[in-house]
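2 protein chains.
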Amino acid sequence: MTETRFDPSTLRYDANGLIPCIAQEERTGEVLMMAWMNAEAVAKTLETGRVTYWSRSRQAFWIKGETSGHVQELVDLRIDCDRDCLLAVVRQEGPACHTNRRVCFYTAVRDGVEVELMEPLAD
Amino acid sequence: MTETRFDPSTLRYDANGLIPCIAQEERTGEVLMMAWMNAEAVAKTLETGRVTYWSRSRQAFWIKGETSGHVQELVDLRIDCDRDCLLAVVRQEGPACHTNRRVCFYTAVRDGVEVELMEPLAD
Numbered sequence: 216m217t218e219t220r221f222d223p224s225t226l227r228y229d230a231n232g233l234i235p236c237i238a239q240e241e242r243t244g245e246v247l248m249m250a251w252m253n254a255e256a257v258a259k260t261l262e263t264g265r266v267t268y269w270s271r272s273r274q275a276f277w278i279k280g281e282t283s284g285h286v287q288e289l290v291d292l293r294i295d296c297d298r299d300c301l302l303a304v305v306r307q308e309g310p311a312c313h314t315n316r317r318v319c320f321y322t323a324v325r326d327g328v329e330v331e332l333m334e335p336l337a338d
Numbered sequence: 216m217t218e219t220r221f222d223p224s225t226l227r228y229d230a231n232g233l234i235p236c237i238a239q240e241e242r243t244g245e246v247l248m249m250a251w252m253n254a255e256a257v258a259k260t261l262e263t264g265r266v267t268y269w270s271r272s273r274q275a276f277w278i279k280g281e282t283s284g285h286v287q288e289l290v291d292l293r294i295d296c297d298r299d300c301l302l303a304v305v306r307q308e309g310p311a312c313h314t315n316r317r318v319c320f321y322t323a324v325r326d327g328v329e330v331e332l333m334e335p336l337a338d
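Residue numbers (this note's numbering), protein chains in the order written: chain R, 216 to 338; chain E, 216 to 338.
Just so you know, the hints here were simulated from the structure itself, not pulled from any lab data.
In this text the structure is predicted, and so the values were computed from the model without any measurement.
Idealized CB from N, CA, C, for every residue including glycine.
Take the hints with a grain of salt, since some may be wrong.
Claimed, not checked - Computed beta-carbon distance windows for the label pairs: (1) E:274 with R:306: 33 to 43 Å; (2) E:262 with R:218: 44 to 54 Å; (3) E:313 with R:281: 30 to 40 Å; (4) R:334 with E:273: 20 to 30 Å; (5) E:222 with R:332: 39 to 49 Å.
Using the sequences and the accompanying hints, generate a full structural model.
So, in structure tokens, the structure goes:
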């Protein structure tokens, strides 16, 4: 069976050259967050083993945790069936969310009401 | 503490009125797929308990599994910190992927090469 070498340019990016990447914790299966990458961020992620997104607001590479220390060590990078979404299985150091919660998805809709599932971690 | 009733219009949609929604299997933690919803699809999902996306290609509501039987029963709908991404915890009936694989993320990049993690299920 022929091997396909991975080329980031073969992924399907949106009109802004971005692809969504879901981060999932390897040890627990928690879905931590979703953020965006461009082709170069995908390449850097694979090269360095440290998940690197593209910050749309700052228009700059965002190595997750470079400031906070809450880094994501890449365990496995996966591509979906139509190649327009990524799944990064990671080992997350500390909280993934900038609000200092373990995951970003901390609000649930239950019986029509928003419920907070977890509080920020103590510093 | 005041309750916030959930209003789909308070989510942050993109320029096309869409928000990404990640589907995760409740029983195993598998990340199944990611697809898009508009505000009405979010409302229908909560109302019916059956995950309903918006098909960008068909420009129509897509009740997951309506044709294939591979439905997603909603267990919990969660919102991320900046309200521009959803996480649907679901019970998935059969394979989630249209290629008849359990999940859409069946290709991994390992040592620079694309590796197929699972084959389509037998019919």
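The hints, checked one at a time:
{"no.": "1", "hint": "E:274 with R:306: 33 to 43 Å", "result": "holds, 40 Å"}
{"no.": "2", "hint": "E:262 with R:218: 44 to 54 Å", "result": "holds, 47 Å"}
{"no.": "3", "hint": "E:313 with R:281: 30 to 40 Å", "result": "holds, 38 Å"}
{"no.": "4", "hint": "R:334 with E:273: 20 to 30 Å", "result": "violated, 41 Å"}
{"no.": "5", "hint": "E:222 with R:332: 39 to 49 Å", "result": "violated, 19 Å"}
When the structure is compared with the earlier hints, violations turn up for hints 4, 5 and for no others.
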